[in-house]
Amino acid sequence: MSEPPANDTRVAETPSKQSSTAILVVVAAWIVPGMGHLLLGRWGRAILFFVAVGGLAVTGYLLRGNIFPPRGGDVFGTLAFLADAGSGIFYYFARFFEAAGPDVSRAAGDYGTRFIAAAGVVNLISVCDAHEIATRRRS
Amino acid sequence: MLIEAKPIGHFPALLIFALLASLALACVTQRTTVERAKYAAWSLFLFVAVAVGIAWAMYPLSR
Numbered sequence: 003m004s005e006p007p008a009n010d011t012r013v014a015e016t017p018s019k020q021s022s023t024a025i026l027v028v029v030a031a032w033i034v035p036g037m038g039h040l041l042l043g044r045w046g047r048a049i050l051f052f053v054a055v056g057g058l059a060v061t062g063y064l065l066r067g068n069i070f071p072p073r074g075g076d077v078f079g080t081l082a083f084l085a086d087a088g089s090g091i092f093y094y095f096a097r098f099f100e101a102a103g104p105d106v107s108r109a110a111g112d113y114g115t116r117f118i119a120a121a122g123v124v125n126l127i128s129v130c131d132a133h134e135i136a137t138r139r140r141s
Numbered sequence: 015m016l017i018e019a020k021p022i023g024h025f026p027a028l029l030i031f032a033l034l035a036s037l038a039l040a041c042v043t044q045r046t047t048v049e050r051a052k053y054a055a056w057s058l059f060l061f062v063a064v065a066v067g068i069a070w071a072m073y074p075l076s077r
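Protein chains in written order, with our numbering: chain Z, 3 to 141; chain S, 15 to 77.
Hints were generated in silico from the structure; no laboratory data involved.
Please note: incorrect hints may appear among the correct ones.
Restraint ranges, calculated between C-beta atoms of paired labels, are given here [as the list claims (entries may be wrong)]:
(1) Gln20/Z with Ala55/S: 28 to 38 Å
(2) Arg138/Z with Ile68/S: 36 to 46 Å
(3) Gln44/S with Phe95/Z: 26 to 36 Å
(4) Ser21/Z with Pro74/S: 49 to 59 Å
(5) Val29/Z with Arg77/S: 50 to 60 Å
(6) Ser76/S with Arg139/Z: 28 to 38 Å
(7) Phe95/Z with Phe59/S: 44 to 54 Å
(8) Leu81/Z with Ala65/S: 22 to 32 Å
(9) His24/S with Gly75/Z: 23 to 33 Å
(10) Gln20/Z with Phe25/S: 42 to 52 Å
All residues carry an ideal CB built from backbone N, CA and C; glycine is no exception.
So that you can see chain Z by itself, here it is in the shape it has in the complex (with noise of 0.2 Å):
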């Protein structure tokens, strides 16, 4: 194994610490959207990830898709749950954005339902890659 570089800071990390922040990039990047990449100073994905996220979300709730709640009742409601839930504060905030409500009587409201999914679905994407590049797994 090659000796690392003097100037590379990397190496002072243990891997307890290495750990540590990874668990606080994971935590940070779930609640908001791309906070674990702004915390690894990587600014670019950070604001793709937020506006991603965020974008389908809202449009999702603009939508009046469903959104559903902790105890979904079946497999498939817990599912949901999870993919929507994946979005972090966005979906905290769902109340927020649709004080009205689902709608899904109408086929907007049913798009509205999967804009929302995916929202939850990229956060998770980027919450993979935040704690991958945390872990040193990926530049």
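Use these hints to put chain S onto chain Z, whose structure you have.
For chain S alone, kept in the frame of chain Z given last:
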């Protein structure tokens, strides 16, 4: 009531979804900015083309 729901047409909704999903996927899967731009543009085109193609394929069924 803080934000009022806005009616968004099907095609604008498709474009918004395709654009945002393409950007996110390009950011995750590609390394350089040029690669990301190419991937996002190609992905956006495919999203829209496939959706319009499926819509036309289903058109006879709606009549």
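Cross-check of the supplied hints:
Taking the beta carbon of each, Gln20/Z and Ala55/S are about 36 Å apart, inside 28 to 38 Å as hinted. A hinted range of 36 to 46 Å holds for the C-beta pair Arg138/Z and Ile68/S, which are about 42 Å apart. A hinted range of 26 to 36 Å holds for the C-beta pair Gln44/S and Phe95/Z, which are about 31 Å apart. Checked against the given bound of 49 to 59 Å, the beta carbons of Ser21/Z and Pro74/S, roughly 58 Å apart, stay inside it.
For Val29/Z and Arg77/S, the Cβ-Cβ distance of about 52 Å falls inside the hinted range of 50 to 60 Å, so the restraint holds. Take Ser76/S and Arg139/Z: their Cβ atoms lie about 48 Å apart, and the range 28 to 38 Å is violated. At roughly 33 Å, the beta-carbon separation of Phe95/Z and Phe59/S lies outside the given 44 to 54 Å, and the hint is violated. A beta carbon spacing of about 24 Å between Leu81/Z and Ala65/S agrees with the range 22 to 32 Å that was offered as a hint.
Our hint of 23 to 33 Å for His24/S and Gly75/Z holds, since their Cβ atoms are close to 30 Å apart. In this structure, Gln20/Z and Phe25/S meet the distance hint of 42 to 52 Å, their C-beta atoms being roughly 47 Å apart.
Hints 6, 7 from the earlier list are contradicted by this structure; the remaining hints agree with it.
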